[in-house]
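K.L.:
These protein sequences, in sequence, are chains A and B. Numbering that gives the first Met the number 0 puts the first residue of the first sequence at 0, with every later residue one more than the last. Numbering that gives the first Met the number 0 puts the first residue of the second sequence at 0, with every later residue one more than the last.
Everything labelled a hint here was simulated from the structure, so no lab data went into it. Only a predicted model underlies this, so the values are computations on that prediction, with no experimental measurement involved. Glycine is no exception: its CB is placed at the ideal position from the N, C-alpha and C atoms. Treat the hints with caution; some may be incorrect.
Stated by the list, open to error - Where chain B lies over chain A, by a calculated footprint (3+ residues, C-beta under 8 Å): (1) 43-51; (2) 70-79; (3) 92-98; (4) 133-140.
Stated by the list, open to error - To spell it out: a stretch of chain A is covered by chain B in this simulated footprint if at least three of its residues, at any positions, have a beta carbon under 8 Å from a beta carbon of chain B; those stretches are: (5) 272-286; (6) 342-349.
As the list claims (entries may be wrong) - Facing chain B, from chain A, some residues (calculated, C-beta under 10 Å): (7) 33; (8) 238; (9) 268; (10) 269; (11) 294; (12) 312; (13) 324; (14) 358.
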Amino acid sequence: MKAVARPRNSPQSETLLLAKQDFQAFLDQLWQGGYRVVGPTIAQQAIVYDEIRRVEDLPRGWTDEQSGGQYRLTRRDDEAWFGFVVGPHSPKRYFFPPQVAVTQADRTSNGWQFSEVPDQEPPYALLGVRACELAAIAVQDRTFINEQYVDPIYRRRRERALIVAVNCTQAASTCFCTSMNTGPRCTQGFDLALTELPDSFTVEVGSERGADVLSSLPVTRAAPGSLLAAEAARQQAVDQITKGLDTKDIRDLLLSNLEHPRWDEVATRCLSCTNCTMVCPTCFCSSVKEVSDLTGDHVQREREWDTCFNWDFSYMNGGIVRNQIRSRYRQWLTHKLASWIDQFGVSGCVGCGRCITWCPVAIDLTEEVAAIRENPA
Amino acid sequence: MSHKPRLAVFKFASCDGCQLSLVALEDELLALAERIDVAYFLEASSRVEPGPYDVALVEGSITTPEDAQRIRQIRRDSRFLVTIGACATAGGIQALRNWADSAEFLRAVYASPEYIHSLATSTPISSHVPVDFELRGCPINKQQLLEVLVSLLGGRRPRTPVHSVCLQCKRRGTVCVTVAQGIPCLGPVTHDGCGAICPSYNRGCYGCYGPCEQPNLESLSDQCQVIGVSRETLVRSLRNSFNGYAPEFRAESDRLAGEEQ
Ligand code: SF4
Ligand code: SF4
Ligand code: SF4
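Using the sequences plus the hints, can you model the full thing?
P.N.:
Dropping the structure here:
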């Protein structure tokens with residue numbers, strides 16, 4: 000297991016303060032530095048990730064209310080800029096794009112000529128990344144830039160990105176990062192980490208790249224009062240977390256209950272619609288297809304997000320291996336929470352709660368595990 | 000193939016929209032015409048060549064006794080028979096008659112219903128003859144039609160996805176309209192092909208591409224009722240999906256209608 004090539008751990012111990020009135024200058028600085036700034040904004044009645052050019056693009060004064068199968072965008076009674084939790088998008092879609100061409104070939108008089116499809120994306124500055132998302136990025140790093148197998152698209156985008164994290168100051172009923180030891184406090188994996196106060200942000204610097212971005216901005220050293228206020232704001236998120244997942248011996252629990260009747264029961268509810276895996280910030284599956292033009296002289300290999308819930312994803316010589324919803328749900332849950340540990344040394348779940356909110360029939364993985372734990376085979 | 004493959008396009012009970020997708024392939028049409036001999040396509044050309052044909056595209060459902068005979072002859076004349084669109088693959092919107100009294104419709108619509116010889120049902124082509132490949136949708140997606148033609152020319156099976164609309168909805172970054180807005184959506188049980196257009200315009204999926212593989216309709220119905228959709232509305236949404244007579248949608252609307260009584 001190799002960490003990302005560039006140094007991430009040269010944090011500046013001193014916490015700084017950036018006034019909200021200087022935040023536009025901060026955004027301008029990022030764009031001028033060649034970054035494409037992506038952060039939270041409102042679209043289709045939800046807070047999603049998209050380009051952020053002006054502070055007005057941020058969901059200031061809005062929040063989200065989440066529960067199983069339900070998400071509602073609602074007005075806050077204050078003007079907080081980051082007063083919400085996580086939405087349907089995650090940084091995954093920037094490092095591991097949903098649809099991308101990976102290679103191409105042309106038929107010439109000298110036979111087939113293969114060439115790369117150059118990735119044109121400018122470096123991203125990801126703004127508003129939460130602690131569970133930082134953890135999810137670290138999980139995906141183990142998949143895409145591990146020693147033996149490196150995904151060049153992921154690596155290029157990941158290494159060039161600047162990560163501006165934001166500490167949560169509230170939690171949703173679907174959040175359980177405290178059970179997974181991934182949050183809500185941002186502790187590593189960021190270039191800068193902000194905590195929102197009414198008129199300013201405290202800023203922790205996690206890398207030299209982060210420090211460079213701040214160098215021309217009017218940041219000051221945060222006074223003890225600001226530090227205390229930031230600590231109190233972050234504590235609110237901890238206090239609001241109600242959901243939990245008991246992870247004790249979870250690998251053995253699940254793998255020794257592969258014939259548990261709960262799998263049949265959940266299969267009556269699960270639509271195998273794929274939404275949970277699509278929104279999960281760590282799910283990494285894709286499929287590739289060759290697409291040729293009409294003449295057959297130009298062929299492109301395209302990669303698309305795919306998932307174990309897709310009926311023909313397990314197609315092999317001889318047929319479909321997981322030919323029932325029961326076996327597909329079981330595959331997902333046991334991989335995520337059990338065999339992922341064998342494969343990568345960590346859980347595949349960071350406790351973000353997205354799969355619970357965005358499941359159209361409100362299936363909650365923490366309840367599924369609890370049901371098996373309550374009555375194991 | 001030593002000769003240019005011969006293509007025929009046939010129409011049964013339908014609106015012509017699907018065959019027009021072939022004409023709508025404007026950018027590829029000339030290149031296609033170079034590689035394919037269009038032997039029979041009344042919508043586009045008055046040239047009519049007899050069979051046999053290498054590929055037949057069949058649009059529309061079977062609604063008259065003559066059509067039920069004609070499709071048999073087309074099958075005999077065609078090496079590879081591809082049905083295109085919801086009418087040909089599932090019976091179409093006209094299959095609503097399968098739940099009603101068609102004689103009564105005839106009396107209501109026609110001044111002299113005795114001249115009309117139609118069947119009491121609208122059924123998909125596959126209920127009458129073996130079909131080699133079904134291309135779904137109302138209307139079909141022209142890029143998928145191109146994929147079917149290109150793959151047949153290349154001697155491989157067409158590759159069209161079997162997954163749910165939700166998968167594509169998420170890939171394109173659309174926010175789920177059911178979860179975020181409480182709008183009922185058939186996406187979780189519907190075959191992709193459109194590219195998840197409706198949710199991107201804040202509408203629920205109408206089911207134009209018919210049931211996906213192993214759809215869990217009962218669970219979706221239960222959840223729709225939780226968010227306040229009546230059984231009656233669900234029955235109507237399934238039957239009006241242009242694919243209402245597709246076996247899985249039909250079974251669920253019949254189950255719900257049975258519960259209602
Ligand atoms: S658990 Fe929910 S989101 Fe996941 S496939 Fe099943 S129904 Fe869809
Ligand atoms: S499994 Fe669910 S809660 Fe865990 S990381 Fe994935 S989406 Fe988040
Ligand atoms: S909007 Fe419809 S198609 Fe899209 S994810 Fe939600 S249920 Fe699926």
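K.L.:
Hint by hint, note whether the structure agrees.
P.N.:
Hints and how they fare:
no. : hint    : result
1   : 43-51   : holds (count 4)
2   : 70-79   : holds (count 3)
3   : 92-98   : holds (count 3)
4   : 133-140 : violated (count 0)
5   : 272-286 : holds (count 5)
6   : 342-349 : violated (count 0)
7   : 33      : violated (24 Å)
8   : 238     : violated (26 Å)
9   : 268     : holds (5 Å)
10  : 269     : holds (7 Å)
11  : 294     : holds (7 Å)
12  : 312     : holds (9 Å)
13  : 324     : holds (6 Å)
14  : 358     : holds (8 Å)
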